[in-house]
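Given chain A, work out where chain B should sit, using these hints.
First to last, the protein sequences are chains A and B. By this note's numbering, the letter at position 133 of the first sequence is numbered 133, and the numbering carries on one by one without gaps. By this note's numbering, the letter at position 179 of the second sequence is numbered 179, and the numbering carries on one by one without gaps.
Heads up, a few of these hints could be off.
[Stated by the list, open to error] Pair ranges (Cβ atoms, derived):
(1) A:G123 <-> B:D104: 32 to 38 Å
(2) A:R194 <-> B:V149: 33 to 39 Å
(3) B:A83 <-> A:Q196: 55 to 61 Å
(4) B:R222 <-> A:R222: 30 to 36 Å
(5) A:G123 <-> B:P122: 17 to 23 Å
[Stated by the list, open to error] Chain B stretches covered by chain A per the calculated footprint, using a threshold of three residues with CB under 8 Å from any CB of chain A:
(6) 6–17
(7) 58–65
(8) 127–135
(9) 162–175
(10) 182–188
(11) 215–222
Keep in mind that the hints were calculated from the coordinates and are not lab data. From a predicted model like this one, the values you see are computed outputs, not experimental measurements. Cβ coordinates follow ideal geometry from the N, Cα and C atoms, glycine included.
There are 2 protein chains.
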Amino acid sequence: MAERPAVKIGVLVSGSGTNLQAILDAVARGDLKAEVRVVISNRARAYALERARNHGIAALAIDHRQFASREDFDRALVRELRARDVELVVCAGFMRLLSPVMLDAYTGRIMNIHPALLPSFPGIYGPRDALEYGVRISGCTVFFVTEGVDVGPIIIQSAVPVLPGDDEETLAARIHREEHRIYPEAIRLYQEGRLQVSGRRVIIRDADSASESLALANPRPR
Amino acid sequence: MAERPAVKIGVLVSGSGTNLQAILDAVARGDLKAEVRVVISNRARAYALERARNHGIAALAIDHRQFASREDFDRALVRELRARDVELVVCAGFMRLLSPVMLDAYTGRIMNIHPALLPSFPGIYGPRDALEYGVRISGCTVFFVTEGVDVGPIIIQSAVPVLPGDDEETLAARIHREEHRIYPEAIRLYQEGRLQVSGRRVIIRDADSASESLALANPRPR
Numbered sequence: 001m002a003e004r005p006a007v008k009i010g011v012l013v014s015g016s017g018t019n020l021q022a023i024l025d026a027v028a029r030g031d032l033k034a035e036v037r038v039v040i041s042n043r044a045r046a047y048a049l050e051r052a053r054n055h056g057i058a059a060l061a062i063d064h065r066q067f068a069s070r071e072d073f074d075r076a077l078v079r080e081l082r083a084r085d086v087e088l089v090v091c092a093g094f095m096r097l098l099s100p101v102m103l104d105a106y107t108g109r110i111m112n113i114h115p116a117l118l119p120s121f122p123g124i125y126g127p128r129d130a131l132e133y134g135v136r137i138s139g140c141t142v143f144f145v146t147e148g149v150d151v152g153p154i155i156i157q158s159a160v161p162v163l164p165g166d167d168e169e170t171l172a173a174r175i176h177r178e179e180h181r182i183y184p185e186a187i188r189l190y191q192e193g194r195l196q197v198s199g200r201r202v203i204i205r206d207a208d209s210a211s212e213s214l215a216l217a218n219p220r221p222r
Numbered sequence: 001m002a003e004r005p006a007v008k009i010g011v012l013v014s015g016s017g018t019n020l021q022a023i024l025d026a027v028a029r030g031d032l033k034a035e036v037r038v039v040i041s042n043r044a045r046a047y048a049l050e051r052a053r054n055h056g057i058a059a060l061a062i063d064h065r066q067f068a069s070r071e072d073f074d075r076a077l078v079r080e081l082r083a084r085d086v087e088l089v090v091c092a093g094f095m096r097l098l099s100p101v102m103l104d105a106y107t108g109r110i111m112n113i114h115p116a117l118l119p120s121f122p123g124i125y126g127p128r129d130a131l132e133y134g135v136r137i138s139g140c141t142v143f144f145v146t147e148g149v150d151v152g153p154i155i156i157q158s159a160v161p162v163l164p165g166d167d168e169e170t171l172a173a174r175i176h177r178e179e180h181r182i183y184p185e186a187i188r189l190y191q192e193g194r195l196q197v198s199g200r201r202v203i204i205r206d207a208d209s210a211s212e213s214l215a216l217a218n219p220r221p222r
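Chain A on its own, in the form it takes in the complex (with noise of 0.2 Å):
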């Protein structure tokens, strides 16, 4: 089989951009074969921008309130997207909903992540919501975007466990350490052509599933 081209993408973001910053230590470790065409934030002051500006990449800042509409917004995200030829679209920390004008344009070819094991705690307090629920184990899911807040067909989950003493920074630092490492590994999914989406669920070519034997628990039995 040929080797197939670096894939284009394009990637999402609202805050410090540290999905970002793993994919670009991918990329840069040849892990991935991806190159990151534009880094677009809705806040001017996202240190995701800055993050891609030191390694030579088109960052923008497309402000949301200057739009009358989430549709109009995302036509102006279309746009740019388009521009530069991008065709996977990575949602990292970006904290706008998504409409039909983006949906559609990128059918299949929009991923996000999400800090909780999906459907348990979507929306924008995962780890949050998990320690006050009292599970103990939470985690982090890559998805495709579908219309409807986190509930796209799963790529990849990380399990981790919750401990005592825990709160909402500590938890978030273990699953972000996940994030960091199955957000590269679905986009080189993506990038080999291995990710087929069937209903509901995403059929991956070759998987290199986690072993049969293997289980977390905790607090773990005798």
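Chain B in isolation, oriented as in the chain A frame:
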């Protein structure tokens, strides 16, 4: 600290009783100081009753259909449990919802196990619902029963991967293996007086938590 006496448990079942067996095995191994005082099934033909009899344990069938209401059925349960000095009620594949009659008689002293990582996939089809949703990770949850379905404070959880090719049976089998590890452990924590419910959370004294660095990613990142 003086050694605590064995906890007197009553096990409620509806089916084959593999979790009952796991509990009896843990007792036999010396991992759990518990005395199973009675096993009660709402189905006369449940194999769990035979398991109990094989171990010389009192085994009762109480057919819920012979009672005019859920409350009347529960009054019969309470009567039998109290007659045998049961301190902790362990639901193990018991397919009846408990009414306030049982919940008030055994407040904070009824455990249940569910084949999903709650709050995901409550109800009677945990493995099937997980497969249909397309999650990569599922598992099981031991919790204290409260009003509502599968919403009580969580004691232990264990996560397992969902693998390509899984059907309901293979996924359920993988989950059950973990159930058989964590249910005896949850009872052991109770017997040792180490569980304290605080709002929605269960605080475990001297919890042997999973390692901070442990994570279960599926599929595995490079």
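Consistency of the hints with the structure:
| no. | hint | verdict |
| --- | --- | --- |
| 1 | A:G123 <-> B:D104: 32 to 38 Å | holds, 34 Å |
| 2 | A:R194 <-> B:V149: 33 to 39 Å | holds, 38 Å |
| 3 | B:A83 <-> A:Q196: 55 to 61 Å | holds, 59 Å |
| 4 | B:R222 <-> A:R222: 30 to 36 Å | holds, 34 Å |
| 5 | A:G123 <-> B:P122: 17 to 23 Å | holds, 18 Å |
| 6 | 6–17 | violated (count 0) |
| 7 | 58–65 | violated (count 0) |
| 8 | 127–135 | holds (count 4) |
| 9 | 162–175 | holds (count 3) |
| 10 | 182–188 | holds (count 4) |
| 11 | 215–222 | holds (count 8) |
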